[in-house]
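Asker: Chains as they are written, first to last, in this note's numbering: chain A, 1 to 477; chain B, 478 to 954; chain C, 955 to 1395; chain D, 1396 to 1836.
Every clue listed holds true.
Pairs of lysine-lysine, DSS-like flavour, derived with a Cα cap of 27 Å:
#, chain 1, residue 1, chain 2, residue 2
1, C, Lys986, B, Lys676
2, B, Lys778, C, Lys1014
3, A, Lys360, D, Lys1411
4, B, Lys837, C, Lys975
5, C, Lys970, B, Lys699
6, B, Lys921, A, Lys3
7, C, Lys975, B, Lys903
8, B, Lys921, C, Lys1249
9, A, Lys370, D, Lys1416
10, C, Lys1270, B, Lys634
11, B, Lys903, A, Lys3
12, D, Lys1577, D, Lys1617
13, D, Lys1416, A, Lys426
14, A, Lys302, D, Lys1455
It is worth saying that the hints were derived from the structure and are not from the lab.
What you are looking at is a predicted structure, and each value in this text was computed from that prediction instead of being measured.
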Amino acid sequence: MNKEPELLAYELSRPGRIGTVLPQSDVPETPLPASLLRNELPLPEMDELTVVRHFTRLSQKNFSIDTQYYPLGSCTMKYNPKANEAAAAMHGWKHAHPLIGDVYSQGSLELMYNLQEMLAKIGGFTGVSLQPAAGAHGELAGVLMIRAYHTARGDTKRTKMLIPDSAHGTNPATSTMAGMTVETIPSDADGDVDIEALKKACDETVAGIMITNPNTLGLFEKRIREIVEIVHRAGGLVYGDGANLNAITGILRPADVGIDVMHFNLHKTFSTPHGGGGPGVGMVGAGVTLAPYLPGPIVVKKDNHYALEMPSKSIGRLKAFYGNFAVLVRAYTYVRMVGEEGLRRIAENAVLNANYVKAKLEQVYPVPYKRSCMHEFVARGDFVEGIHTLDIAKRLIDYDIHPPTIYFPLIVPEAIMIEPTETESKETLDRFIEVMLTIAQEAKTSPDLLHDAPHDTPVSRLDEVAAARNPVLCYRG
Amino acid sequence: MNKEPELLAYELSRPGRIGTVLPQSDVPETPLPASLLRNELPLPEMDELTVVRHFTRLSQKNFSIDTQYYPLGSCTMKYNPKANEAAAAMHGWKHAHPLIGDVYSQGSLELMYNLQEMLAKIGGFTGVSLQPAAGAHGELAGVLMIRAYHTARGDTKRTKMLIPDSAHGTNPATSTMAGMTVETIPSDADGDVDIEALKKACDETVAGIMITNPNTLGLFEKRIREIVEIVHRAGGLVYGDGANLNAITGILRPADVGIDVMHFNLHKTFSTPHGGGGPGVGMVGAGVTLAPYLPGPIVVKKDNHYALEMPSKSIGRLKAFYGNFAVLVRAYTYVRMVGEEGLRRIAENAVLNANYVKAKLEQVYPVPYKRSCMHEFVARGDFVEGIHTLDIAKRLIDYDIHPPTIYFPLIVPEAIMIEPTETESKETLDRFIEVMLTIAQEAKTSPDLLHDAPHDTPVSRLDEVAAARNPVLCYRG
Amino acid sequence: MPFIPTTDADREEMLKTIGVKTIDELFTDIPKDVRYPRLGIGKGLSELEVLRELESMAAKNTTANSCAWFLGAGAYNHFIPSLVPQLASRGEFLTAYTPYQPEVSQGTLQAIFEYQSMAANLFGVDAVNASHYDGATALAEAVLMAYRMDENRHEILLPAKLHPEYKEVIRTYFSAFPVTIKEYTEAPLAACSHLTEHTACMVIAYPDFEGYVADLTGVADKVHEAGALCIVSTDPIMLGLFKAPGELGADIVTAEGQALGNAMNYGGPFLGMFGVKQPLIRKMPGRLVGETKDKAGRRGFVLTLSAREQHIRREKAVSNICSNQGLVMLQAAIYLETMGKNGLQAVAKLCWDKAHYAADVLSRVPGYAVQTGVFFKEFVLKTPVPAEAIADKLTRRCIVPGLPLSRYYKDRTHELLVCVTEMNTKQQIDMLAEALGEAAR
Amino acid sequence: MPFIPTTDADREEMLKTIGVKTIDELFTDIPKDVRYPRLGIGKGLSELEVLRELESMAAKNTTANSCAWFLGAGAYNHFIPSLVPQLASRGEFLTAYTPYQPEVSQGTLQAIFEYQSMAANLFGVDAVNASHYDGATALAEAVLMAYRMDENRHEILLPAKLHPEYKEVIRTYFSAFPVTIKEYTEAPLAACSHLTEHTACMVIAYPDFEGYVADLTGVADKVHEAGALCIVSTDPIMLGLFKAPGELGADIVTAEGQALGNAMNYGGPFLGMFGVKQPLIRKMPGRLVGETKDKAGRRGFVLTLSAREQHIRREKAVSNICSNQGLVMLQAAIYLETMGKNGLQAVAKLCWDKAHYAADVLSRVPGYAVQTGVFFKEFVLKTPVPAEAIADKLTRRCIVPGLPLSRYYKDRTHELLVCVTEMNTKQQIDMLAEALGEAAR
Ligand SMILES: Cc1ncc(COP(=O)(O)O)c(C=O)c1O
Ligand SMILES: Cc1ncc(COP(=O)(O)O)c(C=O)c1O
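The shape of chain A in the complex, shown without the other chains (with noise of 0.2 Å):
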């Protein structure tokens, strides 16, 4: 069903068509300013049918969590529940405007309070800003304002930051961003940070460390209080990645082992669909040290009201207005929904189903680190001569599941992160289980099949190194 290639809306267009009606203009024309306009405007004329049956095609060329399991280590590929989307389209929030002012925002206000102080619980943080539009924003917020803490202390050296091998991309680049230089700490034999090559990196330089725990690898950094004093010792604050709260949540709350500053993805953990990319939310929560420093302006209550005001020093705005508030509204309904006992619920379930996974599946795919799992494991796809992660990770396509991460972190080797989540159910699992045992088999005997998947998608495997060497970015007729 749905297997002819989809024009593009270009090759789509005919002249003179148009996809919606537009209201006759009730008013006077003015004559049009003529040297300022263009010549020609290339867009695409298409009828309403035409556009409606060629994103309703498009969209049934998607894997995604509503159609198919979708264990994509590191990304949190919870189900996204319904409610959070009828909540997202009431119209007072949808046609609020954010420079009306104060007093005709209050529902606005109250909602991103709420949330404020509902993440500032589920963290232990002292103040929380809910600016930043995705996880990599919330790092910048916060790598600014560890530097705008030193700086403001006249502490200028300090522009180094601690990052461990197994951290994601996005914070050695966030620390260049803030201007900062980065040192990579190795992990030791445990997956953990490695506590010496810690020590010795901590020098009068060390800005912070940035941590994610629990890590890329899915292990909880045992040694936190450890790694947090090392680091608060040498003068350097702690910069924790809440990418994978999703395995913690009513479990710990990061600010009790000491981090200073810390996003949460709230579109990971807290629910708000992914929607092929974004968009997110990095929401900031910091400690005593570093609240008055958060990125602003962030909603405070008085009396009987609510206002938008700056922290005492902030480091400023990272976006125009407050934050991806659609996304905010998503995710208050989500923990209004689940609350206090829930929110410990999908942490336990969380990691009860990695654990389970990674159970099943170690035997066959080495897993590097033998300990229990948080809510996602690492194992490897290269135990059978001449075939690959990415070979596995096709072969899944053929069997209806969207592959988990691959090649990441990049201190395990061919790596394969999986991560369940807790909102599949134990049939999904079971399944998910019997095809990655099937495909292990079909290495050894059939290594083809591998090689060749996927078999039944609008395309096979594309040539990204053509794509790369000479880009198509645009269509060209």
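Given chain A, work out where chains B, C and D with the ligands should sit, using these hints.
Answerer: Chains B, C and D with the ligands only, in chain A's frame:
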């Protein structure tokens, strides 16, 4: 993509699961009457993600207007504007209750009144009732109205409805439900009603005729006035089946050629979605003679407000409340958007498209009646020994096109009834033509391609005989 | 126009292919003197303008989303999980036709099969069809079916407390047939005394129009002894707790299924549910989906037993129904799977508890009294002043207290049919009590 | 909980497989003294209760769907065809991740490619990326990109009339870098006099924050002569009529794309649009989709040129951006295809005509005056009494007259930034004029 068979809800069920959280009770419990309670409630138990994934995946196993070209004759599978859906989703309609009273329902009544008026103008009728829920329901209204008219005049011997042999099955079935007997009128060589046969059938027991115009061959009954006159002269009345109105909106008001009562399928001409079977609206319009007999209540305007009222000699209610209201909202939205000129253009282009496709196909697919057609035409699929219309239909699926209506009307052997509709582009029609011609070739060169079609659907041809012989209508575990 | 893609160039080329010069030439079969009338329905408007017009019209209605709502009487304000409309409105469901081509309609077909299965289990019957127009027409067709079994049986027993509009619909459906419709006022068991050898069927309202639930033990046996069919018209939400009519011996079970995940929509589209016991399957109206296999042995679903239907049997068909309420049925299927066993029970229990709490509180308001008997979510409240006046007074304050029974029964001026569901909070109920108290003064 | 399907039986079995007795054993790596804190965020509520809570919160906002709306200033009230949200909210788009696996993401990938193509044509550039967080961050990253081309060029020229919040964002993004940000108040051509050999880039607001459109002829040449980059921050709706910045010589073009089919949503999510000319492609931040072929020669789309990005290049990446505004971009793509050439032109023309009609009418209201110059859909209205008071007075009557400029500029107390789009009717404009007249009295 999504080729795995989809388990049934009961197979996906596990004890203890639930798909939504309900509110905790905020009132004291009242003991239940134990002797009246059921022991078990065998419904599936599913979590929310499983429900969402289940129905999303199921939906992908459908062809639909939004995804495929769907030239299903008689069904008018034209584009259903998304604005219709936006309109129907407004709170003020969705949460309106039918019994709160006219004073509190002025919005609904105004919409119904306006729609009644517009449809009356489109048909040339004196009165309109929006109550019937589908075409067949409108037919029942109409035939009961004809019956009531005769009865009111004491003319009780009139129990015979004349029905052309090309008529849709609902016409005779309706007549029976209205207590009539049916006499079938053959078609002549031109595909029109055989006038001589009609005259012969017109005795004093004739209650009326049910006539579809354009008829189900896609032909306009040229002698419609003569037909009306013959029946009227015999004391009968004329029921118009308006399922094919899409061909003549703005071109002809049926009342202008003497139709006494008629239904329009709002789920065809007026672009409301078919929903995989319904709901529809089979609104009925009537001229002066029959308007007092319309089913009710209908909406009347009094000074500045609207009220529900029973027509003076109404046949009564045909359903609880006032019709498929949310469908009316969609139809109203559509008529307002297209307006007077649009209605005519709809018909013109529907007819243009049908004649174009016919012109391109008739060399290969025999068309029994050599006339220009209206919005659809009937061809034959048995032009190659051993190939049936069914085979051609199924082979179309392989090309990602929904088959036309087949084996209807019954008077054309191996009928293929093609209705392109005005909302499809020439490119789409050209592709359809090309595919049809290719299939005609394949019918000769590789008949098995047709016999085994479709090839790439979730299931291939199903054993319908077994299904009917030993019916399984309910999941049995 | 966005709905017609044909460009002028296309049109020229197509006309040439057809061999005519203008589109008008294609319409020459239509009598010239009446061709191209002026309709007088106005110019087409933009989507924006039309939607604005509709918004402002819709705003003139008083609706359940912004009031404390105690009005039921056949259209119910129940909770609809957000996923129901979101899934049902997917284009592949919304814009498909009746699943005539099963290979490309397994989505719709399987959904119908699942609905049939769940509804049959809920009703305690062997087969449920793919829907009727609404609860009233489903019941009318059930009675028609019973009548057709044996045309010598021309008496129909209806409960006096059947929904008044359902009765009217039955009368309309039977207007051409020589039947006697008798209304009984007793409890069903007692009413069995009216059974004769001419009785085609006895209809039971379970609950009745006023919300009360009779004990049906033994009724079906008596009906069967008389050679008639036992037809029960029920409320699917109530069946989350109460005995299934099929279990109680009903031959045909019908219901209004709107409450299963569908908004009230000013009374439509609703869902006619229709189920029968095994022996009646081949006589029942409506579409049926059956399970079968394809050549490769894969399970699949098809429309089946269509030899009963109008497109095959024409004037001999069991019914004329063709288009039904597919999408509403789909919403019901999604609803039933979302709720499932535990959810439907919970909803029914909430209705029960809240209705009884309300009855208790309202019966304490001076001047008011609640009609006794076992009721589920609706009950009759006797009022000290005319109910119509109360309803009017309260509705203006956005408390819609129920249906004044005078709307259907001229002389029942001091009675209000009050409906309480899971949508009503304790606070709303207490507010209603207070407002009723004030209105009585 | 509906979001956790694991039954107790499942859980037991899974624990056994894992080889632990309780779930707690899986959390022993977490310091015991702080494990399982009480959060104090309350019990979970039902969907019904939460949605009701949200409805009543949302109702506290004053919104554009129920008022005459003349407020823009970076967030715009434009018409959104119904199909846009209906298509974008399909689960397959909504719940997919970044298209890392192209074989099962052609839907998202092709949609991005189409967006890139349309946006590049609209801007007159060679490549547009798959989005930034918003117009402000897109511009900040553009300036950062210019700065990184040559770190000796540490001067940045910003127009004084750039959106004040965009300026703040740029300052935040540059807080760690030793740059000098200069604001120019002249027209862009005149402002070229500020270019030096240290200028990294000159930013042009087209239109400026106050809605006015400068003639950019010759500007880019001068900027290029100085060895700097020319960056234009624009409004995509305006480009339906006005010259494309790329055509005018801009090297980088950014914009806020919310107006393209996205609701205002209290300021987010919005759409950062970012495009460059050919020579800069490999230096630009953000995701890019490119066309390529599979082994069978079929066209397909992939994420490409990712060697610029953080997941490959880590600290050497051109930006840290990872998640972007995918769904907002998708809505923009659907919008642009629905409008197409004719529709976008028509919208722009409606904005132009209505804004000019409004300016004309308002300038005739005693005491008011309109700032002169070529403007597109926004203009500055000088008010006879403080604009903040006027806005307050009118907003209470559900006429939102615009932005009092004092909100950003303390001393501009008597100026209102008025925005008029295709959403405003003549009647609303006339009503605004009348209300302003009254407010001045
Ligand atoms: C561990 C980690 N950190 C940071 C990020 C970046 O978050 P975002 O994509 O929201 O910018 C991700 C996203 O995948 C992540 O997995
Ligand atoms: C000619 C004709 N008449 C009547 C009907 C019955 O209409 P409905 O399905 O709405 O009952 C149809 C439906 O296909 C039809 O095509």
